[in-house]
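Student: Below are the chains, spelled out letter by letter.
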Amino acid sequence: MSKPSDLVQGTLDMLLLKILALEPMNGFTVSQRLKQVSGDVLQVSDGSLYPALHKLEQEGWITAEWKTSEYGRRAKYYSLTRLGRRQLEKEADNWGRLSGAISRVIKLKEA
Amino acid sequence: MRLEHWLYTIPMRLRSLFRRRQMDQELEGELRDHVEQKTEEYVARGLPLAEARRRVLLEMGGFEQTKEKCREMRRVNYIENLVQDVRFGLRQLRRSPGFAAVAILSLAIGVGSSTALYSIIYGAFLHPFLKGNESSVLLRASFPYKSMTSWLFSVPEYLDIRDRTHVFSGVVAQREGEIVSLSDPPHVEGVWGARIPAEAFDEAGVPPLLGRAYTKEEDRPGGPQVVVLSADLWQTRYNSDPAIVGKTIHINGESYTVLGVMPKRYRWMGAELWYPLQLNLADTDRSHRFLFVTAGLRPGKTLEQARRELRAVAHSMEKQDGRATPEYADWSLDVLRVRDVIVGNLAPALFMLSGAVLLVLLITCANLANLTLGRAAVRRREMAVRLVHGASRWRLSRQMLTESLALSLLGSGAGVLVAHGGLQTMVGLIPRNYIAAEAEISVNDKVVVLTFFAALVMGLLIGLVPGLAARQVNLEENLRGASRSLAGEGAGRFFRRALVVSEIALAVVVLAGAVLMARSYRRLTALPLGFDQRSVYVTNVNLPVARYPDAARVSAFFAELVRRVEVLPGVQDATVVSQTPLAGWDVDTHDFLIEGRSVGPGGPPNADERIVGQDYFGLMHIDLLEGRFFHDSDRSGRMPVAIVNETMARLYWPCKSPLGARIRLEHGYSRARLLSATDAEGPWLTIVGVVKDARQRPDLLWEIRPEIDLPFLQSADRIRDLAFLVKTPAARAGILERIRGELQALDPDVPAYGFTSMNEIVAAAQGPRRLALVLLALFGGLALLLVIVGVYAVISYNVSQRTREMGLRVAMGAKPSDITRMILSQTARLAIVGVLVGVALATALTRLMSGLLYGVQATDAPTFATVAVVLTAVGLLAGYLPTRRATKVDPMVALRYE
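Order-wise, the sequence lines are chains L and W. The numbering of the first sequence is my numbering, which starts it at 2 and goes up by one. The numbering of the second sequence is my numbering, which starts it at 113 and goes up by one.
Don't take each hint at face value.
What the hints assert, rightly or not - Derived DSBU-like pairs: lysine-lysine, alpha-carbon spacing no greater than 30 Å straight-line:
(1) 56(L) x 68(L)
(2) 56(L) x 181(W)
(3) 413(W) x 431(W)
(4) 179(W) x 36(L)
(5) 19(L) x 179(W)
These are calculated hints, taken from the structure and not from any lab test.
Looking at chain L on its own, in the form it has when it is part of the complex (with noise of 0.2 Å):
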């Protein structure tokens, strides 16, 4: 089981933001979501989740709402809002410039 420390610092927020990009869903899906993307790589403890999404609530950069699901069952679902398409995209910016760097450090050492 991988606790959140085995995440870069601060990444989590943006692997749940890019989550929920995709479409409006629930805890447990995102949480399933994250370990099917990722080849069961990424895996988010349920205590650390469910802090962490309601923080990005609290934020502004995803908001809630109680929705009837496909199975019957009443669920809190989460979307993303403007304010967080707008930091996903700065945090993915910012990602892709730190694991470009990162990349062409470990490069430049096989060489």
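Model the placement of chain W on the given structure of chain L, informed by the hints.
Tutor: Just chain W now, with coordinates in the frame of chain L:
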């Protein structure tokens, strides 16, 4: 971006605070949902239900813990605690409405008046727009041999000052503002215009709102007729027309091209429009004085340095040109800060009032601390119960502090409303000319922020002592409900008495100030004016030179206006005068020669000059001492005549009557509105009358100078701008309309402006003292009220604490009168100590207001004695009321009290 962020997050935080239960339910639901889904998944993978559930909860790291972590994300925990304290505090306040009402009311008045006062101080002195005034100075000349001062300079004098000084960054000459008429449709209007040089715009460093200011090329004799408008004029008269630049407007009947509009904060010389000075630098007449000279002090230079340099300049001018300009004998130049000139007497009044309001606020705080302390004693049991239930002593202190903060914030909030409502009334007490035209006075955000911080400080002050007292609650004793101490416990008792003593002392200071102010105001209003201002209304009329080029037309116009207005129903009299009494800030003066006398070494003497209509003295009730008033036959072509005042007659004809003597006017030190400023070689004037002295100069307290009055019909060539006086018992509003109507009928192109009543002018002349008086009276009353409440609270608390002791005493045979005497003597001790401290303090502090006093010493003994007696009496009275309760104690009840 930030805004959008707050749009999302503020409702979120508010929801966290006020929909806590709902938020928690939703959180619970969300997590439960998660647990169920995940459990279902594990069960589907084959785990038994119980095991699946355990795994899910384990992975989550505990259901309640996760909930708590999510809650923490709301970041409002500390607020929740605070909210609890505040709610509790407010409930406590509701439970003692009397206390709450007294507290909030006294805070509201104290904070309200200080907020309003600070708004005025901020608007009039501290506003960033006014910073430019900080370094600008105005020059003034004194001619000792003429016992006169002049704000005006001639062209050669201006050039000498400009070229020979080094302390100034820019020496600028300009004419005084004058009323000009804008004659374009829709209506004729008189507005202030000022002839200023192009440099004046550079000096101010304020860029135009629209278009541009004029350049040095345009500001030369014979240059183009161009004008720059103020934002106010542009908005009101031209409806903020964006295409105004380049348009032509008519000023005094001549066409001017609008070059630009200045922003609202630019109000140079208080004018509404500015046009080029176009100064003729070749003018060599040293006595033709018509220019104000302002300058900017170079950074780091002091007024003292400027004065030293000007002294040298004046000296060298006297040496060079003293022969041709006799008034230079011993003359001197002085500089004054523009701000001081505008603000004048108002600044000391405002700062004295700030001091007073600060004292009142301190009294309020002391009083509330006192009341809170009294209540804290009553609430000791509650405190003890909370301690037992695990509240920390710190939390109890914090509770007291929170309560007093809530109180002071409530009171201050009410105070801001009071200030908002009362500000205009307060501003109305200040004559307009004490405040720079560009000043905007309002309860603005900065003032509110300051009040908020003041409220915090006051909350701390109020809550400090009770907060500390709350830490000393004795658990065991209080739970048993027994307060065994006979006279209240030591520390709290000392605090309460110290608070009462300081309250009384501070009240002595405030009251002494109020009484001193009232006495000097009475002296000032009792000052004989020498004229009767009642039922006299004034409006100014300005005849455009283009339409009224000669004396005949000017006098015909006013003769017809007077005739038409005089026959209006209710009008008793109407006349004209060159200068409204007590208005403006300078007087037209003239040098004069007396026939048959030689001129002294200091040149000819000087007197104030007034051009008056035929009925002026009659209308104003200025008495005739000798000779006659002007009459109909004193017109141009007849023998030129003059009337002089008592002072002039006494000074120049001490032993005999001046009637029949002849004088001749020489150089005029006139204000810009006189058209021909040099009147050398005027005709000899025969003195036909002497009138009583009247206080007509701009400041009520200026000494009366010699005055020469000339008949309007013989001076009409020199004047276009006159005050038109009407005496009528009719209501104010109607009379203006009627005068306007007559003016319209006579000549629709002539503007009237500045309608007011003589009563208002006199009141304005009493100016800052009136503001100080009204406010100090208010503060004095408030201080007295607070003292009554304070003393009453302390003594009645004492009495209630000593009920058992009283019972004992009565049981031992003490008579009610003994008890009364005992408690009264205790009150008296407090009052006397307070009054003594207060008198000592007041003698030191009232000295600071001596500049505002008139006819009363700052350490006036009767005033201090009165205040001391009043406060002692008030203290005793406030202490007597609870004493009566004490004497009615039934010994049996008192002894069974526990």
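Student: Could you run down the list of hints and mark each one as holding or not?
Tutor: Quick rundown of the hints versus the structure:
1. About 21 Å separates the Cα atoms of residue 56(L) and residue 68(L), which keeps this hinted pair within 30 Å; it holds.
2. Restraint check for residue 56(L) and residue 181(W): the C-alpha separation of about 10 Å stays at or below 30 Å, so the hint holds.
3. Restraint check: the Cα-Cα separation between residue 413(W) and residue 431(W) comes to about 27 Å, which is no more than 30 Å; the hinted pair holds.
4. Annotation: proposed proximity of residue 179(W) to residue 36(L) holds, straight-line Cα distance about 23 Å (limit 30 Å).
5. The suggested pairing of residue 19(L) with residue 179(W) holds, with an alpha-carbon distance near 24 Å, which does not exceed 30 Å.
This entry satisfies every hint, going by the numbered hints stated previously.
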